[in-house]
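Asks: All chains, full assembly: derive it from the sequences and hints.
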Amino acid sequence: MWREFSLKMDFYSKWFFDKVYKNMKLGFISDIHEDIKRLKQALSILKSFKCDKIICLGDIVGYSIPYYDFLSSRNSPEVIELLRKKCDIAIAGNHDLFAIKKLPKYKAKFKYPKNWYGLNYWQRKSFAKDRIWLYEDNELSALLTKEDKNFIDKLPEFFVGNFGGVRIFLSHYAYPDLVGATKFEPKTIKDVKEHFEFMQKFNCKFGISGHDHKEGIMRFTINKVDSLGFGKVKIDKNIPTWIHIPSIAKGSFVNGVAVFDTESFVIELIPLSQKEVRF
Numbered sequence: 001m002w003r004e005f006s007l008k009m010d011f012y013s014k015w016f017f018d019k020v021y022k023n024m025k026l027g028f029i030s031d032i033h034e035d036i037k038r039l040k041q042a043l044s045i046l047k048s049f050k051c052d053k054i055i056c057l058g059d060i061v062g063y064s065i066p067y068y069d070f071l072s073s074r075n076s077p078e079v080i081e082l083l084r085k086k087c088d089i090a091i092a093g094n095h096d097l098f099a100i101k102k103l104p105k106y107k108a109k110f111k112y113p114k115n116w117y118g119l120n121y122w123q124r125k126s127f128a129k130d131r132i133w134l135y136e137d138n139e140l141s142a143l144l145t146k147e148d149k150n151f152i153d154k155l156p157e158f159f160v161g162n163f164g165g166v167r168i169f170l171s172h173y174a175y176p177d178l179v180g181a182t183k184f185e186p187k188t189i190k191d192v193k194e195h196f197e198f199m200q201k202f203n204c205k206f207g208i209s210g211h212d213h214k215e216g217i218m219r220f221t222i223n224k225v226d227s228l229g230f231g232k233v234k235i236d237k238n239i240p241t242w243i244h245i246p247s248i249a250k251g252s253f254v255n256g257v258a259v260f261d262t263e264s265f266v267i268e269l270i271p272l273s274q275k276e277v278r279f
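In this text, residue positions in the sequence shown follow our numbering: the first is 1, and each later residue adds one.
Take the hints with a grain of salt, since some may be wrong.
[What the hints assert, rightly or not] Quick list of simulated restraints, FRET-style, between CB atoms:
1. A128 with S73: 26 to 34 Å
2. P66 with D226: 23 to 31 Å
3. K101 with G231: 33 to 41 Å
4. E197 with D226: 19 to 27 Å
5. S73 with G165: 14 to 22 Å
[Said to hold, decoys possible] The calculated lysine to aspartate or glutamate pairs, modelled on DMTMM-like cross-linking and capped at a C-alpha distance of 25 Å, are:
6. K109 with E197
7. K105 with D148
8. K237 with E268
9. K37 with E194
10. K183 with E197
11. K50 with E263
12. K234 with D212
13. K47 with E268
14. K193 with D212
15. K40 with D148
16. K101 with E185
17. K190 with D236
18. K224 with D236
19. K250 with E268
20. K237 with E263
21. K114 with E81
22. K129 with D212
23. K234 with D52
24. K25 with D261
25. K183 with E139
26. K149 with D212
27. K111 with D137
28. K40 with E215
29. K47 with E81
30. K237 with E194
31. K40 with E268
32. K187 with E268
33. K149 with E136
34. K154 with E136
35. K101 with E139
36. K25 with D236
37. K146 with E78
38. K102 with D130
39. K37 with E81
40. K154 with E81
If you are wondering where the hints come from, they were derived from the structure by calculation, not from laboratory data. Positions of the beta carbon are idealized from the N, C-alpha and C atoms, including for glycine.
Replies: This is the structure:
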């Protein structure tokens, strides 16, 4: 029931899953980019951890030729079908919105013309002034069906849930650019001040995102920023914290998944194996 409910959310709705479960294991995947083989591997790993919920943090589609080498196996419809079956919550990423030619609700102060996708590439390039990702210069069509487009269209830009008594803010990236449509990359505490303030509006001290394809985990708190590798990381539940997890797509970065335990407040980053998995 929960899986069916969560994946049919209105795109702009902010839903709250307030039923409290005692101690939950949450499995996280992000940045699939049409890689069905690595998605199957990721889900197999999360199954072995006996995760209570599986959450996708966006960029379900989006195959960029310079970054990936699985052209013959990429398959957006199969990826989306598997997510429908196995994933409990899914968030929209920048590549997802581009695939259906939809503007983000949270625009990071960039003023899109109403006819943004009616403009040609060169017109948008001139208007964007290198602030906004444009995609067409290196990204292939996701080859989506009508049903796939409807699925993506209903994905929210963020989700706030109560998991095992822990309120968690889920998004593809940082407010005011929740889907990661701009080229700005937060690197300092000052850069994420607005994101922490936005999280606080929903009574959240902990947020998780993807987008940057980090090798391991990138952790932002109100006190420091640090980049950690794969393995286990203890999160201080009393300090506002925002973390990035790895991508699962096979690219130039080491890919992996994450498992968060709501009781111990430990998040574990697990690299994907090279062994292919069949369901």
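Asks: Given the hinted pair K101 and E185, is their alpha-carbon gap at most 25 Å?
Replies: 23 Å, holds
Asks: Take a quick look at whether K47 and E81 sit within 25 Å of each other, Cα to Cα.
Replies: Roughly 18 Å between the alpha carbons, so the hint for K47 and E81 holds.
Asks: Starting from K146, check that the Cα of E78 is at most 25 Å away, please.
Replies: Measuring from Cα to Cα gives roughly 14 Å; hence the hint holds.
Asks: Below or equal to 25 Å on CA atoms is what counts here, so check K25 against D236.
Replies: Distance ~17 Å between K25 and D236 Cα, so the pair holds.
Asks: Next pair to validate is K183 with E197; report whether the Cα-Cα distance is within 25 Å.
Replies: 21 Å, holds
Asks: Within 23 to 31 Å or not, the Cβ separation of P66 and D226?
Replies: 29 Å, holds
Asks: With a cut-off of 25 Å on the C-alpha distance, tell me whether K234 and D52 pass.
Replies: Cα-Cα ~20 Å, so holds.
Asks: Given the hinted pair K109 and E197, is their alpha-carbon gap at most 25 Å?
Replies: Holds, at about 16 Å.
Asks: Could you grab the alpha-carbon distance between K40 and E268 and see if it respects the 25 Å cut-off?
Replies: Holds, because 19 Å separates the two Cα atoms, which is no more than 25 Å.
Asks: Are the Cα atoms of K101 and E139 separated by 25 Å or less?
Replies: Between K101 and E139 the Cα gap is close to 13 Å, so the pair holds against 25 Å.
Asks: Sort out whether D212 lies within 25 Å of K193, counting only the CA atoms.
Replies: Answer holds: K193 to D212 is near 18 Å, not above 25 Å.
Asks: Would the pair K50 and E263 pass a check requiring their Cα atoms to be no farther apart than 25 Å?
Replies: Roughly 15 Å between the alpha carbons, so the hint for K50 and E263 holds.
Consistency with the previously given hints fails for numbers 5, 9 and 21, ordered from lowest to highest.
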